[in-house]
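Residue numbers (my numbering), protein chains in the order written: chain A, 1 to 418; chain B, 1 to 418.
Among the hints, erroneous ones may be present.
[Unchecked claim] One-sided excerpt, in silico: chain B residues whose CB lies under 8 angstroms from chain A: (1) D375; (2) G411; (3) G417.
Since the hints were derived computationally from the structure, they do not count as laboratory data.
A virtual CB, placed ideally from N, CA and C, is assigned to each residue, including glycine.
2 protein chains.
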Amino acid sequence: MDERKIIVLVGDGMADRAVPELGFKTPLQVASVPNLDGLASEGSCGLMDPVRPGVRPGSDTAHLSILGYDPFEVYPGRGPLEALGAGVDVRPGDVAFRCNFATVERRDGELVVVDRRAGRINEDEGTRELARAVNESVDLPVDFEFREAVGHRAVLVLRGEGLSPEVSDVDPKETGVPLKEARPLSDDPAAARTAELLNEFVLKAHEVLDGHPVNEERRREGKPPANAVLPRGAGSLKDVDPFEDVHGMSGAVVAGSSLIKGIGRMLGMEVPEHEEVTGRKDSNVAVKAELALEALDRYDLVLVNYNAIDEAGHDGDAREKVRFIERFDRELVGGIVREVDPEETVVFVTADHSTPVSVGDHTADPVPVILWTFDARRDRVTRYDEVSVSTGCLGRFEGLRLMEILKDAAGRQEKFGA
Amino acid sequence: MDERKIIVLVGDGMADRAVPELGFKTPLQVASVPNLDGLASEGSCGLMDPVRPGVRPGSDTAHLSILGYDPFEVYPGRGPLEALGAGVDVRPGDVAFRCNFATVERRDGELVVVDRRAGRINEDEGTRELARAVNESVDLPVDFEFREAVGHRAVLVLRGEGLSPEVSDVDPKETGVPLKEARPLSDDPAAARTAELLNEFVLKAHEVLDGHPVNEERRREGKPPANAVLPRGAGSLKDVDPFEDVHGMSGAVVAGSSLIKGIGRMLGMEVPEHEEVTGRKDSNVAVKAELALEALDRYDLVLVNYNAIDEAGHDGDAREKVRFIERFDRELVGGIVREVDPEETVVFVTADHSTPVSVGDHTADPVPVILWTFDARRDRVTRYDEVSVSTGCLGRFEGLRLMEILKDAAGRQEKFGA
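Bound conformation, chain A alone:
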């Protein structure tokens, strides 16, 4: 059999629970999803535990698992993933932090946080210039890279020998209180050194930012200046083999969310960028479908993540979640499936986790899946939702097995034995 291409379509947080205002149905159960129903009718359906039953996954740990990496072994924390997602080249040994641009005032000799998001400053208001100034003017005894990310966010990567991610946050997570001093969280001298370097960085960044023209302008406009950086969530990459070495196939991740882009880059996968693919509710789904189809020409496996559904789940908005699910079905699933040949392609549809509107956060409930290719077993499921797929011929399985299952369906799996 010829090897087939594989495309994995992830509706982020798409799975849900019974919603009272939807007559105790789930958003998927009430949504009109003709493309997904068509795939379900012609494919194999089932339920997947993204990590394992009862584990509430993050989008990051779930994506690691479904890409074939045990998140209990390789999850590096959010800092390195956000830094990778923002385009910084994080390497093993580096220590990475998520940061906010923030507003601070000097009171009684201390820097007190006035606004943790500097008036929700964003990319159009000069965060790139501010980041460049910090990079150029702050002098540390180690290499570092500081870069703006989405909105008021930024990332910091410290690089050099003898660093440790075991340091506490500078971000106090509240206003009206001083910056926290980073402290070592272990006896390792590298942790003490890293904490010192981080505190030095925060003070020097404040000096650079406080008098920066972008902030002078903000003060004139009555906006809070972005005159401090608040690092948190220190982490280091684990030493993981690239996706292509692990699975014997090349891979790309098409996503707007920096966290998911970070996962792709951590695994050495291609991560195409497009300014209209944002990972937010305004993301351009048609462009994302095009990026995915282009990637599928060049790579053996492409994972496409659509994040807006999850945002609606976090907002607890059942009606909006239904609308984003319908958009996922129409523009992404429809847009891709009509362009691929089932004899040459395996399409797998899933959520990375449930984000029930009744909870407003991720839960461990298993997610509905479809495996579609020309010779997939056709079970009796004709509808894609959490309940309908539970009688499907895939039963219930764990996400860490998914890559092997897909490689098998695509004629890419080695035989074990004779």
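The hints should help you fit chain B onto chain A, whose structure is shown.
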């Protein structure tokens, strides 16, 4: 989301196989269980392997597993569990035994077992006085506690440094033969010492019991005297973390069976007692439901075990098993569910294992389960039995995952990742 309470209702041995005299249906399939059917209709159903597929669980190993403890790692054997169930404070390092009160005669200088149950002597016939006499009058070079249990049963706990559970049984398990001498089962000097101590205890207990007024009276009445103690099933507790530390929630076990009470105590859970809750067919189910509801006020999780169903299974009595299942549905499930609010409570119904009447003992067949709370996914199952639930939206999962699944349903599970 607010945290919900969790109540786990266990019909002990409730699951079964096809019974020819029931038209090849199971007792659950023919029983009238309107409360369970109601929960199934409004909840998520599935099949659970209490330990794992193909493993025939004891009630003890099954309960350990569904309470989130791997029984292959922590099962201490029956001795410590029965001792805990009888109210003895067993600690790590102690060696505990199940015992029978028995009747022995001296023949050719040997103590020969005449009746392994001393005429089925029971609590109303003086076992407490006999146990107290043994405790007070037997002198050993280690601490020990000997206590009467249900009927002709008792428990013995040896306490001190340098003891080992690796010793053979004194109980020969048949009549007309001498008591067995306990022997060490390993090269560990502690095993040899423990065997010696156990043999010394058995001889000294016989001396105390043989002339005890309770036995003088029994001889006058023509009853066999309870003039010996037959220990068996040596075991020591493993070092396990308490339920509250492991799961971050407080827990109680409501059960009549001493084995299940022992499990609760081994895990540091509250185990309320009531004399009418016996663990036998005569147990007062309404009182048990009240105890459970009281415990649910004070604890985050309450497990309620109803043992009579299992006894009917062991007796191979299909009709009686149906009757006890209907009683479980009416008095325990009905009595509890009508008092709880589905927005504040997660109800989980299960059996701990199958006890098919065709076998008369536990089997590994998976057990039917229902997860019910206001936002549980509502699958198409409307009937609670082994066959109907198999199309439910929980699929099939292992008991060791249950606590994580329930904590997730109850808003008590930590998220792993971002």
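Hint check:
With a least beta-carbon distance of about 4 angstroms to chain A, the hint placing D375/B at the interface is held under the 8 angstroms criterion. At about 7 angstroms, the closest approach between the beta carbon of G411/B and any beta carbon in chain A falls short of 8 angstroms, and the interface hint on this residue holds. Of the supplied interface hints, the one on G417/B holds, with its beta-carbon coming within about 2 angstroms of a beta-carbon of chain A, less than 8 angstroms.
Checked against the numbered hints given earlier, the structure satisfies every one of them.
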